[in-house]
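Since the structure of chain A is provided, determine the placement of chain B with the ligands on it from the hints.
Protein sequences appear in the order of chains A and B. If you're matching positions, the first sequence starts at 1038 in the working numbering and goes up one per residue. If you're matching positions, the second sequence starts at -8 in the working numbering and goes up one per residue.
Hint data in this document are derived by calculation from the structure and do not stem from the laboratory. Some clues are possibly wrong.
[Said to hold, decoys possible] Among the chain A residues that face chain B by a calculated CB cut under 7 Å, a handful are: (1) Ala1321; (2) Arg1345; (3) Gln1427; (4) Thr1429; (5) Gly1430; (6) Ile1432.
The beta-carbon is built from N, C-alpha and C at its ideal position, and this holds for glycine as well.
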Amino acid sequence: MKHLRGLIYRNLVTRPVRSIALILLGAVLSLSVFTGTCTVQSLERGFGSMRSRMGADIMVVPYAALSRKNFDNEILLGNADSCYMPSENVDEIAQMEGVRRISAQFYLTSTKLDCCDTPVHLMAYDPETDFTVAPWILESDGGEIGPFDVAAGCDIRAQVGDTLTIFGTPVTVAAKLDRSDTDYDSTIFGDMETICALAGASGDEKLQSLTEGGVDLVSAVLVDAADGYDMESVKNDINIHIKKIRAIQSQNVLSGVSSGMSKVSDTAKALMAAVWIVSAGVMAAASLMMTGERKKEFAVLRVLGASRRKLAAIVLGEALAVSAAGSLAGILPGLLAVAGGAGWLEKWLGLPFLLPGAGVIALDAALAVLVTALTGAGAASFAARRIIRQDTGTIIRSE
Amino acid sequence: MEVIAQQIRKEYYRRGGSSNIFMAVEPCDFVIPAGQLTLIHGRSGSGKSTLLNMLAGILRPTEGRVFYDGTDVYRMKDVELSAFRNLHIGYVPQGQSAVSSLNVLENVMLPYTLYGEDGRDAALAAMERFGIADLCEVMPDRLSGGELRRMAIARALVRNPQVLFADEPTGDLDDENTAAVFGTLKELAQEGAAVLVVTHEEDSFRYADRIFDMNAGKLG
Ligand SMILES: Nc1ncnc2c1ncn2[C@@H]1O[C@H](COP(=O)(O)OP(=O)(O)OP(=O)(O)O)[C@@H](O)[C@H]1O
Ligand SMILES: [Mg+2]
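Next comes chain A alone, as it looks inside the complex (with noise of 0.2 Å):
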């Protein structure tokens, strides 16, 4: 034992009880700083990615889409297979006053396919009027979408230039999109004339009906408002206007989802606020009562030599080594949290949740430590102040 270090070091082991006590406070710190950091991100991302692919102010859906349940995240899908309005209503929206721009989209059917664990939607959207699809593919780097070229949603098994066949008819993969968290993961994007050739060879009877001579069906309608037009009105003109269809302002949709991701992450920060402050308070009293029962052993260091800074490095470095510590052990379990309740959490939550890339919570893990390491030596401040003004002349006499 030649340094400071080491009497650190004795210290803490001399004492194993109350260090592994501390050490499991840094972990628990640390633990929901990083989970709950991860948690609030991984919402506003989800959030996010969710209204980028909203893409338009309004959105036109067929009324019973509207009656079925789990509104927000399947709105985005319309309900896929089984509601739909006719084209003509695509031109009656275009027609309606202070509506810049609009395009229609069609979804056929969920369908189980091989490149993918989840049933794959298909969509078709129009190229020529599309303004949501295209940015996306644009922002995930994908080249054009031709004839018979689909652009994947992330979670199906293929690479751009891969070839996927649905129902027997092959495809090639123009782009991969970045991961929204939406239905769209699991989403198929072809134009009008790919999706309904891969219906009609299907040999499903229902696909074929539904596509024979072209669409004439859409399921969704999605509409910018024009520049000096309010949202509101111009949804609630075509909701007088255009029978057995609902409009719905994309901002209402994520209102809902966006005071829900408030709520949750408001609660994820109430909560690490309340571990902190727990945390610093029990550190902080730990530290008062550790340099309390020694203080003539304090005492006895300072009439050995040491100066009032040595006597504070002893009492910060023993607060900061077992807050390090603990709050390195807190990072295992936090990943494993991360990693393994990311799913359930989205699923219990309902909201879209997005974690982020690796190095984002690598570095949300180094803030972990950091936030747990400084909180242990900050908690230890008021014992070293009290240590080092502490009169040593008058408690070296004492027993």
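What follows is chain B with the ligands alone, placed relative to chain A:
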């Protein structure tokens, strides 16, 4: 090294009496000459430890100054004074003073450890001198009072300080050990150190070069 105190006194705030101010040590001049064993003797509560601590640079006098070879210790910066104390001042505290998490050897090495130095050999030699060399690995809570005291003395002497303070160093030692301790302190003085010992044992008078009596804060 010589220690000179000029008109030092210590007042404590203490409730009671007429003024709430309690004079633990009345103003006095004091010298600890190098090469001599100086002894302060007095009743319990008479202010011996207070005076010793003021001289040792760990208790700031209410008024007055303390010089080590001309340097006013209470004007030194804490870091400087601490390093000075570490190198030149040995101090045997009254009562128990073991660091409980360290074994005997590590306790004796502490003055070196505090400054990142290796004091193993010096510590072993000091322990040898006081007959506790075989207790190296033992933890302090297993030691007798006398062994603990010898450990504290070995620790105070491990750096061969030029000034040594000992507050009741033989309080819980038997006659044989008391003689050994005073013999060593005397030796140290003869080697040139300034030694100040506080005691209430009159047996030890024969080792002293100078003896002072303390009574209710007054040095006689
Ligand atoms: N911090 C303090 N506050 C108030 N009074 C104090 C303080 N420290 C010491 N005293 C008082 O000063 C007086 C001298 O104390 P000191 O410890 O110097 O006595 P002592 O001669 O060393 O006694 P002993 O032989 O029992 O060790 C005592 O009456 C003590 O109660
Ligand atoms: Mg005393």
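Status of each hint after checking the structure:
| no. | hint | in the structure |
| --- | --- | --- |
| 1 | Ala1321 | 22 Å, violated |
| 2 | Arg1345 | 5 Å, holds |
| 3 | Gln1427 | 11 Å, violated |
| 4 | Thr1429 | 5 Å, holds |
| 5 | Gly1430 | 3 Å, holds |
| 6 | Ile1432 | 10 Å, violated |
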